[in-house]
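> Just need the whole structure built from these sequences, with the hints factored in.
Which chain is which? The protein sequence lines are A and B, in order. When the count follows this note's numbering, it moves up by one through the first sequence with no breaks and lands on 558 for the last residue. When the count follows this note's numbering, it moves up by one through the second sequence with no breaks and lands on 558 for the last residue.
Heads up, a few of these hints could be off.
Note that identical chains are pooled: a pair holds if it fits in a single copy or bridges any two copies.
Quick list of in silico lysine-lysine cross-link-like pairs, DSS-like style, CA-CA up to 27 Å [unchecked claim]:
#	residue 1	residue 2
1	Lys523	Lys473
2	Lys408	Lys473
3	Lys408	Lys556
4	Lys421	Lys459
5	Lys408	Lys454
6	Lys395	Lys408
7	Lys541	Lys428
8	Lys510	Lys454
9	Lys457	Lys556
10	Lys525	Lys556
11	Lys556	Lys445
12	Lys421	Lys469
13	Lys428	Lys413
14	Lys530	Lys408
15	Lys473	Lys407
16	Lys469	Lys408
Calculated from the structure, these hints are not laboratory results.
Number of protein chains: 2
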Amino acid sequence: MNYPTGIKKSHNVIINYSHRGMTLEDDINQTNKYYRDNDIAYIYKKPTPIKVTKVDFRKDRTSTIKEAFYEEPSTTDYNGIYKGFYIDFEAKETKNKTSFPLANIHKHQLKHLENIIRHGGIGFIVVRFSMLNETYLLKAEDLFSFTKSSQRKSIPRSYFKDKGKMLKESFRPRLDYLKVIDNFLEVKNNDKEKDK
Amino acid sequence: MNYPTGIKKSHNVIINYSHRGMTLEDDINQTNKYYRDNDIAYIYKKPTPIKVTKVDFRKDRTSTIKEAFYEEPSTTDYNGIYKGFYIDFEAKETKNKTSFPLANIHKHQLKHLENIIRHGGIGFIVVRFSMLNETYLLKAEDLFSFTKSSQRKSIPRSYFKDKGKMLKESFRPRLDYLKVIDNFLEVKNNDKEKDK
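This is the structure in structure tokens:
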């Protein structure tokens, strides 16, 4: 489970110093902000689901939550709209240099991505091999080709190189993943034209 | 601001007994579950955004949040996919019998709905007049026709009757709002056919 960033120091609790997933998340959040600011796409990270059990309730909207627990997300972290298409994806970092362990993605998140593409949405995962500083976009279709033909519990980096697209970091936007989606939509449109 | 349901009793904090929005939210959540269970649509409520400031961190995934605050949502509460379309809406109850106060919806949520429909998504609001037990779906297009032509800070119930569609409650699904969207898509398709 990932914990949100920005957890502050306090005298009586242990602090979460784990920054796992922070950098990729930050890159994607900044990219999504760029897309919104430039009216390109409206894609947001969903808030982390939290079960609140105790609240110090005040009327002036400054209520303090006194006890709460992290819950497992039922869907992927990011979704939104681009060129009229429903976009849905999950982003993960791994320190592994040779493969991406599938345990990083919950089973119901995989199921969710399957549902999305079956209903005409665009689904994918963004995976960063953080020790190598390589980030790939892998379409859900290619992800499921792998999981349905292999018993392996991790996807080799070579599969990302072969079937995915490497995302280069740049200044603005930080991680232009919609450029890859543009290519995908072009192929889709060409296929449609051929069918006519 | 709405607080999530299921807040438990505790000895040292004041409890949130406000059930504002609970019933409509419950109806919509159950309807969305019905849509998912029957592979009709994948529409979810976004988790309430919460800023966590203190965590009692444990390795066994049972970390307890000791201090956190409710944040304003940047988008609407519900989004997902239906027949390949991006769906986005906000649901609100009002005790007012004659009109729906626009203050119930944040300005950036209205802006969000505007962005969504401009980019080809299907956006709407679901409003329940809880004292009358009447629930309406109003398309974002008609919502903005109102806000752009009127200085009024609330939408009269008559406008919902005139431009919106009343949603009848039933057993399964509880509130079949996608039936209204079907009519909308039919009109859209017919318009497209005419253009050819």
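> Against the structure shown, which of the earlier numbered hints fail to hold, in ascending order?
Hint check: 3, 7, 9 fail, others pass.
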